[in-house]
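S.K.: Sequence:
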Amino acid sequence: MRRFVGVAVAVLLGLGPVGVAYADDSPSPSVTPTETPATPSPTPRPAVTPAATTPTPAATPTPAATPTPAATPTPAWSITLDQPAASWEDKPTVFTGKISQPITGSYITLWQRVPGAWVLRASTRTTTGGAYRFSYISASTGTWAFRTMIGVKAETALAISAYRTVPIQDRKILINTPAAWYATLTGVSVTGRMVPAEPGKELALQSYLGSGKWQLLNIGVMDAKGNFRLRLPDDLPATRTVRVVTRYVSQAAMEYSGLATIVIKAALNPKVYAVSAAMVPNTYRAGCPVAPASLRLLQLNYWGFDGHVHRGELILRDAAVAKMITVWTTTFASKFPIRQMRRVDVFGGSDVKSMTADNTSAFNCRRVTGDPYSLSPHSYGWAIDINTVENPYLAANGVWYPSNGLTYRTRTPARPGMLFASSVATKALIGQGYFWGAGWAKPDYQHFEPK
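Quick note: the sequence shown, position 335, residue 335 per full-length UniProt numbering, numbers continuous.
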């Protein structure tokens with residue numbers, strides 16, 4: 001019976017022949033001869049040949065059962081998060097890591113721990129080899145915990161990384177303490193530095209207008225050390241409340257400096273410099289009565305016709321400088337307008353071109369315009385012409401100069417820039433011992449020279 005069962009299992013597994021016959025274990029019965037009664041002339045029966053016994057085949061051995069392979073376990077998932085470097089509140093923090101399976105396109109999320117919860121901050125997909133990378137800008141300072149996961153929810157995520165703590169440092173814009181006040185046209189600037197330095201980063205200088213409104217004054221960049229210098233408009237007296245802010249970042253990530261008060265006062269701010277021959281190439285030549293060594297360059301501020309302060313320059317005799325500073329201090333305080341104030345060399349030494357440009361000037365070694373036989377008082381560095389268009393002069397040849405000042409020959413009505421006996425500039429020059437040419441037979445309303 002055991003042999004039958006073994007064969008049956010083999011047949012079920014397909015390991016043995018299907019049509020196999022199996023012998024019975026019972027013994028074969030013996031054959032007994034039958035007696036026949038006597039009869040006449042019996043026909044002799046042939047001898048009975050015993051039936052041949054079919055031999056029982058040897059039992060087919062049961063083959064060994066093939067072992068069933070063990071089930072392959074589902075691979076375990078894991079995700080790593082590298083330690084990020086310390087960062088700043090408005091600078092990207094970079095997060096990198098890798099998942100355990102080298103699969104491209106797996107969905108990875110970045111989470112930040114805030115009081116009482118984990119908050120989703122960003123998502124991405126894995127690249128070659130299962131690597132991933134995030135770039136996240138935090139708007140808040142402090143030391144924060146971050147983690148990543150494969151999936152979108154912790155409850156269903158295939159894996160969650162260990163958390164990493166990242167210091168998000170406070171970016172600062174520091175303004176240097178300004179002076180109590182600045183003179184006009186002195187290059188007034190707000191200076192300071194940004195921590196950390198971010199070379200080339202743009203910063204904006206803003207002025208407060210009131211009611212929550214700010215006006216953009218200037219844009220600049222910081223240097224390699226984070227230092228910056230942002231110029232203010234300084235051609236008008238003003239008191240401004242200013243600040244410096246970062247540019248090209250989100251409103252939440254924008255950094256603001258503290259406030260600073262900048263006071264600009266209108267001032268003459270005179271500066272005196274020595275003169276070389278190279279500075280007067282068109283107004284000085286050999287044989288002139290005063291050499292360059294006896295001349296001085298006076299730079300000073302003046303009020304323009306546009307109501308703004310401008311910077312001008314005069315070439316003067318050295319002994320005339322103090323008088324001119326006194327004169328122009330008074331004139332500047334009265335806001336008497338000047339069109340421009342440039343050395344005549346800018347006009348190639350041409351008195352006519354200088355007058356046509358409405359230029360106020362002093363030294364010019366030349367002949368009198370309209371009288372080629374007389375040396376001009378300007379050759380000595382004492383005389384000065386003021387607002388030449390608004391104050392023309394009648395030359396010895398009967399021609400009025402400049403030609404674009406003819407409408408000012410009639411001295412009424414009074415217009416800006418015209419000189420009168422009552423003008424502050426006229427009084428100031430006369431007070432320094434000068435004579436005004438308006439009293440000559442051929443009037444010269446622009447000209448003053450020492451008595």
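The set of hints was computed from the structure by calculation and includes no laboratory data. Here the structure is a predicted model, which means the values were calculated and not measured. Heads up, a few of these hints could be off.
To be verified - No more than 25 Å apart at the CA atoms, straight line, and that leaves these computed lysine to any residue pairs for SDA-like:
1) 213 / 202
2) 442 / 431
3) 323 / 380
4) 265 / 237
5) 213 / 199
6) 335 / 255
7) 271 / 255
8) 353 / 333
9) 335 / 369
10) 353 / 377
11) 271 / 248
12) 225 / 248
13) 225 / 209
14) 213 / 139
15) 335 / 367
16) 265 / 424
S.K.: Indicate, hint by hint, whether the structure satisfies it.
M.R.: Now the hints, each set against the structure:
Taken as a hint, the residue 213 and residue 202 pair is honoured in the structure, with Cα atoms around 21 Å apart against an allowance of 25 Å. This hinted pair checks out: residue 442 and residue 431 have alpha carbons roughly 23 Å apart, not beyond 25 Å. Between the alpha carbons of residue 323 and residue 380 the distance comes to roughly 15 Å, so the proposed pair stays at or under 25 Å and holds. Between the alpha carbons of residue 265 and residue 237 the distance comes to roughly 5 Å, so the proposed pair stays at or under 25 Å and holds.
Distance check on the hinted pair: residue 213 and residue 199 sit about 29 Å apart at the alpha-carbon level, beyond 25 Å; violated. With a C-alpha separation of about 41 Å, the suggested pair residue 335 and residue 255 falls outside the 25 Å cut-off, and the hint is violated. Among the hinted pairs, residue 271 with residue 255 is inconsistent with the structure: their alpha-carbon atoms are about 40 Å apart, more than 25 Å. The hinted pair formed by residue 353 and residue 333 fails the criterion: a straight-line CA distance of about 29 Å is larger than 25 Å.
At roughly 30 Å between alpha-carbon atoms, residue 335 and residue 369 are farther apart than 25 Å, so this suggested pair is violated. Restraint check for residue 353 and residue 377: the C-alpha separation of about 18 Å stays at or below 25 Å, so the hint holds. For the hint pairing residue 271 with residue 248, the CA-to-CA distance comes to about 41 Å; that exceeds 25 Å, so the pair is violated. With a CA separation close to 20 Å, the supplied pair residue 225 and residue 248 stays within the 25 Å bound.
Our distance criterion of 25 Å between C-alpha atoms is broken by residue 225 and residue 209, whose separation comes to about 31 Å. Of the supplied pair hints, the one linking residue 213 and residue 139 holds, its CA atoms being roughly 23 Å apart against a limit of 25 Å. With a CA separation close to 33 Å, the supplied pair residue 335 and residue 367 exceeds the 25 Å bound. About 21 Å separates the Cα atoms of residue 265 and residue 424, which keeps this hinted pair within 25 Å; it holds.
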